[in-house]
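> From first to last, the protein sequence lines are chains A and H. All residue numbers for the first sequence refer to our numbering, where the first residue is 60 and numbers rise by one. All residue numbers for the second sequence refer to our numbering, where the first residue is 755 and numbers rise by one.
For the record, the hints were derived by calculation from the structure and aren't laboratory data. Incorrect hints may have been included.
In silico BS3-like pairs for lysine-lysine, Cα to Cα no more than 30 Å straight-line [to be verified]:
| hint | chain 1 | residue 1 | chain 2 | residue 2 |
| --- | --- | --- | --- | --- |
| 1 | A | LYS98 | H | LYS771 |
| 2 | H | LYS825 | A | LYS98 |
| 3 | H | LYS825 | H | LYS771 |
So the chains spell out like this:
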Amino acid sequence: MNEAIGAVLMTVGVLFDLFGCVGLVRLPDVYNRLQAATKCVTLGTCMILIGVTFILGIGSAGVRSILCAVFILLTSPVAAHALARAAYLAGIRLWDGSVVDAYAGHEQRDTEVETS
Amino acid sequence: MAVLLFAGFLCLYRIAKGPSAPDRTVAIDILGTLMVGFCAVLTWTTGKDFYMNIGITWALLSFLGTIALAKYLEGRNFDE
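This is chain A alone, in the form it adopts within the complex (with noise of 0.2 Å):
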């Protein structure tokens, strides 16, 4: 029963794995292109993790990939963010069809927080 669990949580993130690669390589923009892929590659790899765990049970291996999974679920938002606002500071443009650009008027903001 866990190792049929595990199998198909495992498939599961393998497809999300794939499609948030196809996704890095379809997108237009750098930002639609960081969304797509982080959140469609750290759900799948989490769940890759969970389904070994499942699969093991909890031994060495499988604790030690539990907290890998919690370690990907902390640490992979803060770098997708940390680089959002990197290449907005470093001025890559938007997308064409973007509709609406939400922090364009904060740019002064964090430079006079950051300067001061």
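Using the hints provided, position chain H relative to the given structure of chain A.
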């Protein structure tokens, strides 16, 4: 496993082709997370535990590297 490797090659394509530096940084970050999943699959197929250690270390180093690259990118401007 083959699907994960194919996804990794898609990331490598974006690293090679990406028009700007943040594109490549995003692809490197995603490739690191993918390889953690690949290490987990290797742990299952080979039955050897130490692949999970490699995965944890890879996740940590990938996070640190991404933060460092983001800080580096913030400090400079691309004048057009």
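> Next, verify each hint and record whether it holds.
These are the hints, each one checked on the structure:
1. A:LYS98 to H:LYS771: With Cα atoms ~22 Å apart, LYS98 of chain A and LYS771 of chain H stay inside 30 Å; holds.
2. H:LYS825 to A:LYS98: 22 Å, holds
3. H:LYS825 to H:LYS771: This hinted pair holds, its Cα atoms lying about 23 Å apart.
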